[in-house]
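Order-wise, the sequence lines are chains U and Z. Counted from 1, the first sequence has number 39 at position 39 by our numbering; the numbering is strictly sequential. Counted from 1, the second sequence has number 228 at position 228 by our numbering; the numbering is strictly sequential.
Keep in mind that the hints were calculated from the coordinates and are not lab data. All values derive from a computational prediction rather than experimental measurement. Errors might be hidden in some of the hints.
As the list claims (entries may be wrong) - Using C-beta positions, here's what the derived DEER-type ranges look like: (1) U:V18 to Z:D183: 22 to 28 Å; (2) Z:N121 to U:I11: 25 to 31 Å; (3) U:G124 to Z:G86: 49 to 55 Å; (4) Z:G86 to U:V27: 48 to 54 Å; (5) U:V18 to Z:P63: 45 to 51 Å.
Said to hold, decoys possible - Calculated pairs, EDC-like style, for lysine to aspartate or glutamate (alpha carbon to alpha carbon, straight line, at most 20 Å): (6) Z:K282 to Z:D85; (7) Z:K325 to Z:E184; (8) Z:K325 to U:D232; (9) Z:K65 to Z:D333; (10) Z:K112 to Z:D259; (11) U:K29 to Z:D333; (12) U:K29 to Z:D85; (13) Z:K325 to Z:D338; (14) Z:K149 to Z:D189.
Stated by the list, open to error - Covered stretches of chain U, going by a simulated chain Z footprint (3 or more residues, C-beta under 8 Å): (15) 17-26; (16) 110-117; (17) 168-180.
Even for Gly, the Cβ is constructed at its ideal location relative to N, Cα and C.
Listed below, chain by chain, are the residues.
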Amino acid sequence: MPGFGLGFGIIVTALSLVVLIPLAALVLKAAGAGPEEIWALATSPRVLSALRISFGLALLAAAVNVVFGLIIAWVLVRYDFLGRRIIDAAVDLPFALPTAVAGIALAALYAPNGWIGALLAPLGVKVGYTPAGILMALIFIGLPFVVRTVQPVLAEMEAELEEAAALLGASRWKTITGVILPPVLPAVLTGFTLAFARAVGEYGSVIFIAGNIPMVSEIAPLLIVIRLEQFDYAGAAVIGVVMLLLSFILILGLNLLQAALRRRLGHV
Amino acid sequence: MSEASIRACFHRTLPAVALLASLFAVSGARAQTDLLNVSYDPTRELYREINAAFIAEWNAANPKKIRGIRQSHGGSGSQARAVIDGLNADVVTLALAGDIDAIAGRAGKLPKDWQARLPHNASPYTSTIVFLVRKGNPKGVTDWGDLVKPGVQVITPNPKTSGGARWNYLAAWAWAERAFNRDEARVRDYIAALLRNVPVLDTGARGATTTFAQRGIGDVFLSWENEAHLALAEFGAGRLEIVYPQLSILAEPPVAVIDGNVDAKGTRAEAEAYLRFLYTPKGQAIIARHHYRPREPQHADPKDVAKFPLLTLVTIDEAFSGWGKAQPVHFGDGGTFDQLYKPGR
Chain U
1 MPGFGLGFGI IVTALSLVVL IPLAALVLKA AGAGPEEIWA LATSPRVLSA
51 LRISFGLALL AAAVNVVFGL IIAWVLVRYD FLGRRIIDAA VDLPFALPTA
101 VAGIALAALY APNGWIGALL APLGVKVGYT PAGILMALIF IGLPFVVRTV
151 QPVLAEMEAE LEEAAALLGA SRWKTITGVI LPPVLPAVLT GFTLAFARAV
201 GEYGSVIFIA GNIPMVSEIA PLLIVIRLEQ FDYAGAAVIG VVMLLLSFIL
251 ILGLNLLQAA LRRRLGHV
Chain Z
1 MSEASIRACF HRTLPAVALL ASLFAVSGAR AQTDLLNVSY DPTRELYREI
51 NAAFIAEWNA ANPKKIRGIR QSHGGSGSQA RAVIDGLNAD VVTLALAGDI
101 DAIAGRAGKL PKDWQARLPH NASPYTSTIV FLVRKGNPKG VTDWGDLVKP
151 GVQVITPNPK TSGGARWNYL AAWAWAERAF NRDEARVRDY IAALLRNVPV
201 LDTGARGATT TFAQRGIGDV FLSWENEAHL ALAEFGAGRL EIVYPQLSIL
251 AEPPVAVIDG NVDAKGTRAE AEAYLRFLYT PKGQAIIARH HYRPREPQHA
301 DPKDVAKFPL LTLVTIDEAF SGWGKAQPVH FGDGGTFDQL YKPGR
């Protein structure tokens, strides 16, 4: 059969073992609760609030990472300076660091008596143990995704294009928006999607800095852990499935947007 | 990799594999055994010393030696869940009877009446909940009633995820019941006001200790008595002090042999002796040294016993009719904690 050869078989088997079977088990577990029970739990104020916090802050963190990731990638590609390679390597550290270590380090920095927290406290700004603290943790873990997806695209772009734009009389701003950004936009979107996906499910680093106050700074993954502690496997699975569905819809939307962008820009 | 190079690689590693296999064979022939004790967060230091003392005593008297006792620590509830899901524990030493009840009820790996198999409700040591405050007690906190004053910040972990926090919650409840003559509406008001004063809900006792002692958050930390002493030793007596309330709860952290596991591994004799060792004079002395209240203080160093002031301690059975009732009423889905935790401040 055309299209159903060895390759297709390998993809289906690998995908089943690694992704589909565990996800099916999750859905099956969630189905252990009745439909009314599932609906009541999924729409309870505390779950809705936790989902809002998790998804809202993950989107915000990914957006912040797009701005700073783009700048960092740009500097790493276009400028040569002392210690560039070290900084280039340091960008990947959030990947390598155990998330609990990151969370404890951030909590120590941003607590009211920490290095940064102590500077902010007189201004009345609280970061540690507030939703702002969650945002800081999510930005930290998501940064490398944007830098690493954008960097190779920027590296391939020729500086001559910018020079040509300048010679043809384009302003600096026009050069950025008209010449530099369009080709990197699909990569930026990929980085955004990855950073968002990573942040939405993040648990380890967040619980140490969040304060974990219900309806204020309680993330959805923590609600899942709380359900598990009560031996409520079905309830935990229900919240898990809701997160999965929301993530899937958002990521699918982002991927479609990215495909549309690539078509319009005629770039690979 | 070519076939020849694979074969060469295989030949090089073969002796090492054979050596490894013979090592396992030798250790099997000497009839040694390992135990796994699955415990809760603040018992690390206690069981490190208990294990060393017990192994020395057992190995001196028995031909079948114990090589080591492995320890696993974590939140009491999640440790129970790990055993239910198949963690091969020989014994569990958890924060509250409700968690071992869950293992008996859900996994059936030990009988439901496990608590009657060892003296003192199967709890060789007790502890209680005390207040840890900043040096000089700047907010003047002396008893449970002071915790609801405006401007007093109270640190406690989340009772949904921490065994210690459940004792905190029930101690506050028990005090309020007495203070307000069992007027349930006023008890609920008190607990709701107390929860409003909690700025951070950590998931476990150790995390909450860090939040209070290292991050400097909060004025009062509701703590296990032993954890409070550890915090004093760790973070300096010059920065923190312990306040004993008039009344608190008698926390009985129980221990049990997991029958299903020890019978499969053939370690029943060792596991039972290990738990009985906790009740011996030597065991009780070690317990007191680690700031747990021994059941038989006459065996402990009087200096250690002097650290435990006498205060009124209510038991979970007399105040709440046992864990079987307290757990669902207060900490179950929609229980009093869920009702009284007023969201969105």
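We went through each hint and held it up to the structure:
1. U:V18 to Z:D183: 22 to 28 Å: violated (58 Å)
2. Z:N121 to U:I11: 25 to 31 Å: violated (58 Å)
3. U:G124 to Z:G86: 49 to 55 Å: holds (50 Å)
4. Z:G86 to U:V27: 48 to 54 Å: At 22 Å between Cβs, range violated.
5. U:V18 to Z:P63: 45 to 51 Å: holds (49 Å)
6. Z:K282 to Z:D85: Cα-Cα ~34 Å, so violated.
7. Z:K325 to Z:E184: Holds, at roughly 17 Å.
8. Z:K325 to U:D232: Cα-Cα ~18 Å, so holds.
9. Z:K65 to Z:D333: Given pair Z:K65, Z:D333 is violated - Cα atoms ~46 Å apart, limit 20 Å.
10. Z:K112 to Z:D259: Holds - the C-alpha atoms of Z:D259 and Z:K112 are around 11 Å apart, at most 20 Å.
11. U:K29 to Z:D333: holds (18 Å)
12. U:K29 to Z:D85: Distance of about 15 Å is within 20 Å: holds.
13. Z:K325 to Z:D338: Holds, at roughly 16 Å.
14. Z:K149 to Z:D189: Given pair Z:K149, Z:D189 holds - Cα atoms ~13 Å apart, limit 20 Å.
15. 17-26: Violated: only 0 residues of the region 17-26 of chain U have a Cβ under 8 Å from chain Z.
16. 110-117: holds (count 4)
17. 168-180: violated (count 0)
Consistency note: the structure conflicts with the earlier hints numbered 1, 2, 4, 6, 9, 15, 17.
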